[in-house]
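Visitor: Make a model of the complete structure from these sequences and hints.
Using the working numbering, the first residue of the sequence shown is number 1, and each one after it goes up by one.
Beta-carbon label-pair distances, calculated as ranges: (1) SER117 <-> SER4: 30 to 36 Å; (2) HIS7 <-> GLU50: 34 to 40 Å; (3) THR54 <-> ASN94: 18 to 24 Å; (4) LEU74 <-> THR5: 36 to 42 Å; (5) ALA57 <-> LYS3: 14 to 20 Å.
The list that follows gives simulated cross-link-like pairs (lysine-lysine, BS3-like), each with its CA atoms no further than 30 Å apart: (6) LYS63 <-> LYS9; (7) LYS97 <-> LYS21; (8) LYS47 <-> LYS113.
What the hints contain is simulated information worked out from the structure, not anything from laboratory work.
We treat Cβ as the ideally placed atom computed from N, Cα and C, and that holds for glycine.
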Amino acid sequence: MVKSTRHAKYELYYHIVFVPKLGGSEGSADLAEQGSAQHRRSHLTGKTKERLETIFAEICEDKDLELVESEVMLNHVHLFIGSPPKNAPSLIVNWVKGISARKYNQRYDDRVKWTRSYYVGTAGSASKDAIERYIAEQEGGDE
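Guide: This is how it looks when you write it as structure tokens:
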């Protein structure tokens, strides 16, 4: 659905995926002990999953983002978020990962930490007709 700000019409949606850090203690010794990513501690289940979904919704509401869909999987998170054009995709990811870890770790005894990496892809499109309608609407001048 096309949305509006004072000066723009937009339809921007991002598919964001990120994973938790390896379980256990911090540091390179931990990585050697843990081995490959297939041994990643899967802890995004049960209450942790429910709590994270609530926190993601809170963040989106606070930051004026549209949380279209969230799926907390066993060892990764998928979010589908709509945003005004003023927010860069990297900023949205930083908000979601940083604020969610901080809120979760302040509220609960168990800890959540995210890796620094993430995937973000765009979704949504403007058809030729939508662009033509927008241009026709603008013929009244810049008000």
